[in-house]
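Asks: Start from the sequences, fold in the hints, and give me the full structure.
One line per chain: the protein sequences are B and P, in this order.
When you line the first sequence up against the working numbering, it's residues 6 to 159, in that order.
When you line the second sequence up against the working numbering, it's residues 6 to 159, in that order.
Mixed in with the good hints there might be a few duds.
Since the list can't tell identical chains apart, any single copy or any two copies may satisfy a pair.
[Stated by the list, open to error] Listed below are the simulated DSS-like cross-link pairs for lysine-lysine, each with C-alpha atoms no more than 27 Å apart in a straight line:
no.	residue 1	residue 2
1	K17	K92
2	K66	K92
3	K92	K45
4	K45	K66
5	K53	K66
Read the hints as simulated data drawn from the structure, not as lab findings.
Number of protein chains: 2
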Amino acid sequence: MDSWENTESWEKLLSGENCPMCNDIHLKENKHSFLIKELKYSFVRLPKNQFDFGWVILAFKNHAVELYDLSPEELSGFMSEVSMVAKAVSEEFNAVKIYYSIFGALCPHLHMHIIPKYVSSDPHGAVELNNGFAELSLEEYERIITSLANRLSE
Amino acid sequence: MDSWENTESWEKLLSGENCPMCNDIHLKENKHSFLIKELKYSFVRLPKNQFDFGWVILAFKNHAVELYDLSPEELSGFMSEVSMVAKAVSEEFNAVKIYYSIFGALCPHLHMHIIPKYVSSDPHGAVELNNGFAELSLEEYERIITSLANRLSE
Chain B
6 MDSWENTESW
16 EKLLSGENCP
26 MCNDIHLKEN
36 KHSFLIKELK
46 YSFVRLPKNQ
56 FDFGWVILAF
66 KNHAVELYDL
76 SPEELSGFMS
86 EVSMVAKAVS
96 EEFNAVKIYY
106 SIFGALCPHL
116 HMHIIPKYVS
126 SDPHGAVELN
136 NGFAELSLEE
146 YERIITSLAN
156 RLSE
Chain P
6 MDSWENTESW
16 EKLLSGENCP
26 MCNDIHLKEN
36 KHSFLIKELK
46 YSFVRLPKNQ
56 FDFGWVILAF
66 KNHAVELYDL
76 SPEELSGFMS
86 EVSMVAKAVS
96 EEFNAVKIYY
106 SIFGALCPHL
116 HMHIIPKYVS
126 SDPHGAVELN
136 NGFAELSLEE
146 YERIITSLAN
156 RLSE
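Replies: See below:
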């Protein structure tokens, strides 16, 4: 997949032209993830790759790239949702720490990764979201989605 | 350095007891970094390790661990400063993308990493802040600190 190495396609991705996330981030299921809940500013999604168990993303609803592209109200609203989801993830999975990251090298559409860490996690490890691939059963995805959605509705 | 692997010392770090960042995050220079600017909610600092060239951190002034430990006003204020600093870093270093991360495995005191990426950066690479160590000259640190501080005063 292209990134900033290809200036022409990167400029298009930045501008939102043919942005893959704009196309499918609202769907109940897309190639990479399931919808957990639609909030005011973001879609909360569960990546199919649960190698980092409990990994959740919040994708900003409108096309934006950097935090400083948001209005003060959007920034505050989006981060309030990030904070609420991080708390729900921490409680759901009994995490010792939450990692929060915005990368966007492959798709710069603004999205925050919420990654719970456990006593068994390596605290010295690099953060690499494609370290491995762990697929769960459909029942297990559904259980997590339902439980997190319920926590976010409280 | 201990992390969550040692429950007793981790609990102390979470509570702020002997928190290394509370002790030295306000200093003009500490073991790891230089102060760029004091803002309302955060200290903006330049790590001495500039292996990721342009790496800057914002440390929350008071002791806190997770984003959801902050009041709505603190969260909004802190993230507004993160956004402003990210913009300054992007412009200073002519970045193609900004990475934003809160980890805290070694010191859970809330701090955000701002890491500029360049056309020459590997978009598929893991995020590892200790991939290598690059020390700059004192003159080069000072040039960056002055230039960023000026941008943040505009």
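Asks: Hint by hint, which ones does the structure fall short of?
Replies: none
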